[in-house]
Amino acid sequence: MRKKKTKKNRIPKIIGLTLLFVLLFIGWNLTGKQPEIPKPLSQAAEDFKKDPKINNVIDITDSQAKTVAEKAGNLVGSAAKTTDRLGKQVQKGADSALVRVSTVWHVEETVNALRNSPGWCSLQKIPDHTRKALLAIEDHDFYKHGALDIGGIARAAFANLKAGEVQQGGSTLTQQMVKNMFLSSEQTFTRKAEEAILATWIEQKYSKDEVLEMYFNSTYFGAGAYGIRDAAKKYFGKDPALLNIPESAMLAAMPYAPSALNPYENPSGCAKRVRLVLKEMLKYGYIGNTELADALAKGVTLKNGRTLLLE
0 MRKKKTKKNR IPKIIGLTLL FVLLFIGWNL TGKQPEIPKP LSQAAEDFKK DPKINNVIDI
60 TDSQAKTVAE KAGNLVGSAA KTTDRLGKQV QKGADSALVR VSTVWHVEET VNALRNSPGW
120 CSLQKIPDHT RKALLAIEDH DFYKHGALDI GGIARAAFAN LKAGEVQQGG STLTQQMVKN
180 MFLSSEQTFT RKAEEAILAT WIEQKYSKDE VLEMYFNSTY FGAGAYGIRD AAKKYFGKDP
240 ALLNIPESAM LAAMPYAPSA LNPYENPSGC AKRVRLVLKE MLKYGYIGNT ELADALAKGV
300 TLKNGRTLLL E
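Quick note on numbering: numbering that gives the first Met the number 0 labels position 140 of the sequence shown as 139, and the sequence is numbered without any gaps.
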């Protein structure tokens, strides 16, 4: 008796095929001078010409398809709430997501140029506790998830609701880095779509350590300081390698609201956020109770001699 073949779910593959041709269309038609198409995409296109069957082009597992569907659902929900505003943005044309996504072809060139700038600080010169301070408050699962973290968004929403204030953000460090280096800070559907696409591409191209290094060197830390080296000089008059735990916690606190948390203008607000960073470091095992107590007792001494009291 002949065994009946089970019919495979083609929805994941259809989603993959759609994404493939969207990327090809963007790269080929909207970047002016036609760029070189990455080999995986060009090969997939050639395979499709030879045998136009969906299962010969691209495949996504059922679990991945579910994730894609969830993300798409979130984006569709956001779009529905901002239809009128989106319509106006699309009319402008020049700043549309399709045009801006073309920057993906120039990311490597931009990153290399920044790495060669005098102010660039390699990750090896940033203390381990400084890295952990940032991860604790911004993205403690950075090394575990991908470029996007749907679960993190849900956890952040719950934590903020429980605290009665915004304490955590839903964006990953990679998304934040992309916004810092390549995009504007506007909160629109099109800009968030660009951010997601670029973040996903960058995590395919660069390691987590490289992304973290880019973050430290591209973030605005307030008081006119861009990048960890400039911030350490501006606030403490020292190189990043010499930062102690409370100083590291203060710098990790700044990206949340760099102007509002300026320690020279709002010492109490900045101190509150620093305490939160230190408690998060304890929560995730980055420091112990003794180190927390020492940091709180020491406080943060700024370059002008003023001390932020943390107790």
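Warning: the hint list may mix true and false statements.
Dumping the calculated DSSO-like pairs for lysine-lysine here, alpha-carbon to alpha-carbon at most 27 Å [as the list claims (entries may be wrong)]: (1) Lys237 <-> Lys302; (2) Lys297 <-> Lys278; (3) Lys232 <-> Lys191; (4) Lys237 <-> Lys143; (5) Lys207 <-> Lys232; (6) Lys232 <-> Lys204; (7) Lys282 <-> Lys124.
No lab work stands behind these hints, which were simulated from the structure alone.
These numbers come from a predicted model, not from an experiment.
Do the hints match the structure? See the list:
The hinted pair formed by Lys237 and Lys302 meets the criterion: a straight-line CA distance of about 9 Å does not exceed 27 Å. For the hint linking Lys297 to Lys278, the alpha-carbon distance of about 15 Å falls within 27 Å, and the restraint holds. With a C-alpha separation of about 32 Å, the suggested pairing of Lys232 with Lys191 is violated against the 27 Å cut-off. Between Lys237 and Lys143, the direct Cα distance comes to roughly 32 Å. Violation of the 27 Å bound is thereby established for this hinted pair.
Proposed proximity of Lys207 and Lys232 is supported: the alpha carbons are some 26 Å apart, at most 27 Å. At roughly 31 Å between alpha-carbon atoms, Lys232 and Lys204 are farther apart than 27 Å, so this suggested pair is violated. Under the criterion of a C-alpha separation no larger than 27 Å, the hint pairing Lys282 with Lys124 is consistent with the structure, at around 25 Å.
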